[in-house]
Amino acid sequence: MLNPYLKLNQKLFDETVEQQPTRSGYGEGLVVLGDTNPNVVVLTADLSESTKCEKFAEKYPDRFFDVGVAEQNMATVAAGMGVTGKTVFISSYATFNPGRNWEQIRTTIVYNHSNVKIAGHHSGIMTGPDGATHQATEDIAITRCWPNIQVFVPCDALEAKKATIQSVQIEGPVYLRFSRDKTPLITTEETPFETKKIQTFWVSENPQTTIFATGYMLYYALLAAKELEAEGIQVLVANVAVIKPLDEETVVTLAQKTGSIVSVEDHQVAGGLGGVIAEVLAKKLPTPMEFIGLQDTFGESGTPKELLEKYNMGKNAIKEAVKKVIARKK
Amino acid sequence: MLTAQEIITLELKANEVRKLIISTLLEAKSGHSAGPLGMADIFTAFYFNILHHDPKNPEMEDRDRLILSNGHICPVRYVTMALAGYFPIEELKTLRKINSRLQGHPHRSALPGLETTSGPLGEGLSQSVGIALAAKMDKKNFYVYCLTSDGEHQEGNTWEAAMMAGKYKLSNLIQVVDRNDIQIDGTTEDVMPLEPFKAKYEAFNWATIEVDGNNIDSFLDAVHAAKAIHDKPICIIADTIPGKGVSFMENNYTWHGKPPNAEEAAKALAELQVIEEAIKRELQ
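Those protein sequence lines, which keep their order, are chains A and B. According to numbering that gives the first Met the number 0, the residues represented by the first sequence are 0 to 329, in order. According to numbering that gives the first Met the number 0, the residues represented by the second sequence are 0 to 283, in order.
Heads up, some of the hints might be wrong.
Claimed, not checked - Derived lysine-lysine pairs resembling DSSO-like cross-links, with alpha carbons at most 27 Å apart: (1) B:K166 with A:K54; (2) A:K54 with B:K266; (3) B:K135 with A:K54; (4) B:K135 with A:K58; (5) B:K166 with A:K58; (6) B:K266 with A:K58; (7) B:K138 with A:K58; (8) B:K96 with A:K58; (9) B:K266 with B:K96; (10) A:K54 with B:K96.
Unchecked claim - Short derived list, chain A residues pointing at chain B, Cβ under 7 Å: (11) G33; (12) T35; (13) N36; (14) N72; (15) A78; (16) K85; (17) H133.
It should be emphasised that the hints constitute simulated quantities derived from the structure, not laboratory data. Positions of the beta carbon are idealized from the N, C-alpha and C atoms, including for glycine.
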């Protein structure tokens with residue numbers, strides 16, 4: 000069942016569950032920050048509407064800069080502001096930010112320790128019809144390998160808002176990963192956002208595996224958990240909202256408790272959430288593991304639903320992975 | 000305006016910078032020679048005349064920001080900073096060595112007084128734009144001086160920054176381009192031509208000033224003139240001689256990225272000694 004202590008959305012499994020894109024949470028978070036923190040500055044590279052900066056831009060035009068179609072400049076301008084007392088958010092599609100401007104971010108923001116938050120939008124194949132050029136499926140891998148950065152992947156719009164607001168508490172770089180399409184609200188305003196602890200969203204009495212999910216894919220993991228329970232298979236579902244620094248202790252504790260692991264993400268399994276967890280467990284507690292995500296392939300055009308199906312990342316694929324990993328335990 | 004004697008004192012200081020660059024590079028056994036020697040006059044002008052700064056308080060809030068975009072010429076910055084009192088001259092011997100604050104390419108967090116981390120080219124002008132915009136937002140009056148190389152104008156990022164500085168009319172941003180005509184693979188005009196360089200900046204809505212970057216008196220005048228412009232960013236195109244002061248390094252692109260060996264260093268120091276004595280005679 001949904002963890003009662005986390006005050007999650009009780010209508011989550013209803014057909015009428017409210018849906019919002021995580022990028023909207025970013026936009027709302029920026030306005031809250033604008034209201035409360037005069038040093039917050041927002042930059043975009045000709046994508047103010049689709050990266051949801053426009054409300055901040057309207058309200059705080061003196062602290063908003065549209066640099067034009069120039070993501071490398073956006074990152075480096077922000078780096079300069081970030082060492083001059085500003086807390087800067089840079090917003091574009093993740094394929095360009097932190098994709099195209101990766102080295103600029105590496106040198107002038109991360110190594111330079113400038114106070115910049117990198118917002119990567121349109122992550123994952125769920126970006127849909129735009130096709131693989133605009134579906135960022137490597138951004139976790141290319142950011143989490145940097146020293147001195149934190150990586151947040153919120154599971155819904157409410158968590159995205161909380162993560163955006165929380166990110167300014169960290170003096171230094173943070174990568175925030177958002178997605179394009181509407182996805183169900185899993186949490187509520189009351190659900191605590193934890194940066195230090197992985198929270199278990201689905202609990203059961205005798206779990207046989209733990210599903211670690213990140214981003215909106217948590218929803219599909221929860222759907223799978225619910226159906227598996229009806230089939231007599233109990234699991235835990237944990238929300239990995241912070242990929243870095245990873246709460247290794249909880250990963251190990253849950254691996255020990257359930258004896259097997261499934262990772263679920265809309266990202267390449269190489270270097271993404273699956274990679275992160277496998278690294279921890281290889282070192283501390285080798286555990287059978289299955290990986291849901293992109294298996295060394297690019298996406299393509301299609302609806303998010305069609306793509307999740309085709310690339311074996313939806314609810315049914317997760318259920319299969321759970322059964323497979325449980326079988327491997329014996 | 001400085002007196003003739005004050006100018007000569009700065010020239011003497013610049014020669015001291017050159018000597019220390021040679022001995023520092025010899026000790027480091029790797030690093031760049033030509034660029035640092037070519038920029039010794041400009042760095043001396045900045046640290047000993049132009050900059051509003053305090054070596055004992057490198058974080059002073061209203062300090063002018065000196066941004067070095069082409070980080071590979073950092074030996075000249077380290078040497079000038081040491082002579083200005085930011086850290087002991089003795090520490091120059093640690094350049095490029097383990098546990099040193101003097102990284103092979105400058106790192107802001109390693110050494111107080113460095114404003115940015117640089118080395119990868121084409122990123123300094125953008126960071127300077129960001130600092131200049133932050134200053135404007137906070138109504139601060141400090142200047143942002145950005146030193147760039149000519150070669151790094153082959154990087155698109157530089158022109159993205161130039162476009163943005165023009166848009167926001169950043170007159171608190173003064174760029175100094177080290178127009179020494181060389182890059183690793185040859186001359187800039189052979190590898191990837193930059194001319195007409197001045198016209199490019201003017202087309203990007205900058206004011207331009209051309210100056211002999213190895214003439215401290217002229218360079219100070221150029222900065223003075225740049226500060227009188229209040230509606231545009233300013234690009235000072237400083238013609239410099241790479242390897243300046245050492246005959247066998249001057250205008251020779253093969254000296255871009257290597258240090259002198261012991262014999263070459265001795266020869267270089269002897270030549271610089273001759274120059275020093277000539278400057279001292281002027282002083283008398």
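Structure-based check of all given hints:
no.	hint	result
1	B:K166 with A:K54	holds, 23 Å
2	A:K54 with B:K266	violated, 65 Å
3	B:K135 with A:K54	holds, 23 Å
4	B:K135 with A:K58	holds, 19 Å
5	B:K166 with A:K58	holds, 21 Å
6	B:K266 with A:K58	violated, 64 Å
7	B:K138 with A:K58	holds, 20 Å
8	B:K96 with A:K58	violated, 50 Å
9	B:K266 with B:K96	holds, 25 Å
10	A:K54 with B:K96	violated, 50 Å
11	G33	violated, 13 Å
12	T35	violated, 17 Å
13	N36	violated, 13 Å
14	N72	holds, 4 Å
15	A78	holds, 5 Å
16	K85	holds, 5 Å
17	H133	violated, 21 Å
The structure does not agree with the numbered hints 2, 6, 8, 10, 11, 12, 13, 17 stated previously, though it agrees with the rest.
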